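Here the structure of chain U is known, so what remains is to put chain X in place on it, guided by the hints.
2 protein chains.
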Amino acid sequence: MKFNIKRTVLLNALSRVSRAVSLKSPLPVLTGIKFDLQTDGLVLTGSDSDISIQTKVTDDIEIIETGSVVLSSKYILEIVRKIASDTISFEILDGALTRIDGGSSQFNLNGTPAFDYPRIDFAKKGTLLQADSAILKRLIEETSFATSENETRPVLTGVNFHAANNQLTCIATDSYRLAQASSPLSEETVFNIIIPKKSLVEISRIIEKDENVDIYVEDKKVLFIIDDYMVLSRLIDGTFPDTSRLISDYYDFEMTVSSTALLGAIDRTTLLSDEAKNLVTLTMNPDRVLMTSNSQEVGSVEEDLPKAFYKGDPLNISFSGKYLSDAIRSINSDKVKLEFSGPMRPFIVKDLEKDDNIQVVLPVRTY
Amino acid sequence: MKFNIKRTVLLNALSRVSRAVSLKSPLPVLTGIKFDLQTDGLVLTGSDSDISIQTKVTDDIEIIETGSVVLSSKYILEIVRKIASDTISFEILDGALTRIDGGSSQFNLNGTPAFDYPRIDFAKKGTLLQADSAILKRLIEETSFATSENETRPVLTGVNFHAANNQLTCIATDSYRLAQASSPLSEETVFNIIIPKKSLVEISRIIEKDENVDIYVEDKKVLFIIDDYMVLSRLIDGTFPDTSRLISDYYDFEMTVSSTALLGAIDRTTLLSDEAKNLVTLTMNPDRVLMTSNSQEVGSVEEDLPKAFYKGDPLNISFSGKYLSDAIRSINSDKVKLEFSGPMRPFIVKDLEKDDNIQVVLPVRTY
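One line per chain: the protein sequences are U and X, in this order.
Going by the numbering used here, the letters in the first sequence line up with residues 1 to 367, in that order.
Going by the numbering used here, the letters in the second sequence line up with residues 1 to 367, in that order.
Chain U on its own, in the form it takes in the complex (with noise of 0.2 Å):
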């Protein structure tokens, strides 16, 4: 494996696909990123057997002869991050110590033979939807924040992609809130997986620009390709939860606010309050609603929100104050709705105008 290369073109590749690397993989090689020269290309495999990113680099490079070799994530990053020049040159010495030049440096690194590294099946295979990359991005960001840290019901660890009816519905939940994000489908197209939150999180960060993405479900994993990037994820086994029963079709009482506002009162709000918990009260009716949180030991607080218009009886509900900060943050938008329907039922929060991302909140039992 001999080749020069643009120094900027291959950090940049690298940066990416690294992010699949992780440096604690029980299978030291996995550590290693991959680098396979061929006569066309350079192509570059990142792994931790969840989930894996491929790129092919062609331009701004140099090839002089092929081979491949695996080198260690974490140093050869921050190799070419150091580098001080141009063009770097990659040359294997011996079996798998690799020497890297560039400006007044030489390296010489101890890398492990491609041999050793698994094989990974990009093939573009199963159901293939097409989607824009803009609005996959957007429905990743309005759900993958309500997964589950608790790896006890693996199915909540991940974002349930649900196609039916020309719908694509995105679902996650940690069974104390939840948030659902849709968007309408061109084509014909069913299934219904469960994609755990790591590796949808690296997908939205790929993706860079508005363009196509092509998506392939398989029974066990599913395919990205977006850009010159190939990104593959397991999927979580098992059945996600039905959580219809959370959505109501009609709610008796409702609050419509300005999102700033909100943000501001819940970070108030909840100065005081156990971190764990964050519990904040709305006392709501059609004259005042005010947000407010007690804690014995530290004190109270108490917040007026004098722009909020409340339609409804009086209403008193308990819930996190964080899983509310979250729902807004997730709808970015001026202003919110927040429909109710009694003090111990889920509420839900979503966009004045809207319907494409609904964000419940379950409220908190306080006496």
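Just so you know, these hints were derived from the structure itself, not from any lab.
If you're wondering where the values come from, they're calculated on a predicted model, not measured in any experiment.
One should not assume that every hint holds.
Heads up, the list lumps identical chains together, so a pair's fine if it works in one copy or across two of them.
As the list claims (entries may be wrong) - No more than 25 Å apart at the CA atoms, straight line, and that leaves these computed lysine-lysine pairs for DSS-like:
1. Lys82 x Lys322
2. Lys322 x Lys74
3. Lys124 x Lys220
4. Lys337 x Lys311
5. Lys137 x Lys198
6. Lys125 x Lys221
7. Lys277 x Lys24
Showing chain X alone in chain U's frame:
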């Protein structure tokens, strides 16, 4: 206690005073800030018993009723930071329960009675030294980083301030490297004290503009008066080691080099090395200067310094790259001069022109 105050003025004072507060203080009352409202201003005090900071706010405050209370540093800072109004009102409601009002927010914060707060003596006593704040800041920044993190020899965890012969000399060493900075004194002042690193870092942070600083040195403590702030620090007991043998009068070999080039070379050469040691080797002769490192497991690096100018017999010397980086950064000059007297002798790093900052690095035996 009852007063109204401009939010930004209080926030600025609290931010600085709170820097003395340790949230893990064994004495719970010291996790708070003492508010002492007098007829002519609000005195704020924070302390962790090693360092105490006090200021008096006299402007932008409307004093309604004097009094005092201790409020949790963590909560009161956040409250004042996040309240959305220009003016904040404080009032003790009952005992130490304090109401804090601003904008649409009302906080009831449980305080601690002020009589539980230890008495801290900020009296101006002892030997007085008047210094320029910029020079004091320079002396601190050029030395404090070289103190020891290891508590087994407490005297090395502070900086030795030694005034004699119309000169103030500051010395810090962790026994692997040494930093010595000095400045002439206009008066004949004599003292020899060791100030904890943490206190010096806070003093350096409080200095924001060029002004006079009064320093009162006593047996067990030192008081710095900087603008409206008083900073009181305990001194470290014991005798600072005699470090004069580490600095020779004469060196046989010298290298001059651009600081940026040398920092870049160290940065790259230590990329593959053990983070705890950061061992690098300089191989120097009048024709070539080379920096290398070698890690059995990971690989090796060779870095040319084509523009370094070396005068002397060929020399190989190994040392911590991090210590040399720290030394170069503290000198803060375009070029540095390194002076050597042998492969196992301490070497010196300094400015090409000036002698008021001398950095010493001890070599490491590599065989």
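Evaluated hints:
Taking identical chains as interchangeable, the C-alpha atoms of lysine 82 and lysine 322 lie at most 25 Å apart only when they sit on different chains, with a minimum of 16 Å there against 40 Å within one chain. Only between protomers do lysine 322 and lysine 74 lie at most 25 Å apart by alpha-carbon distance; the minimum there is 19 Å, versus 35 Å within a single protomer. For a Cα distance limit of 25 Å, the shortest separation of lysine 124 from lysine 220 inside one copy, 14 Å, qualifies, whereas the shortest one across copies, 75 Å, does not. For the homomeric pair lysine 337 and lysine 311, the shortest alpha-carbon distance inside one copy (11 Å) is at most 25 Å, but the shortest distance between copies (76 Å) is not.
Taking the closest pair of Cα atoms, lysine 137 and lysine 198 come within 25 Å of each other only inside a single copy of the chain (14 Å); across copies the shortest separation is 46 Å, beyond that limit. In this homomeric assembly, lysine 125 and lysine 221 come within 25 Å of each other (Cα to Cα) only inside a single copy, at 10 Å, whereas the closest approach across copies is 75 Å. With identical chains, the CA atoms of lysine 277 and lysine 24 are at most 25 Å apart between copies only, with a shortest distance of 23 Å across copies and 31 Å within one.
The earlier numbered hints are all upheld by this structure, with none contradicted.
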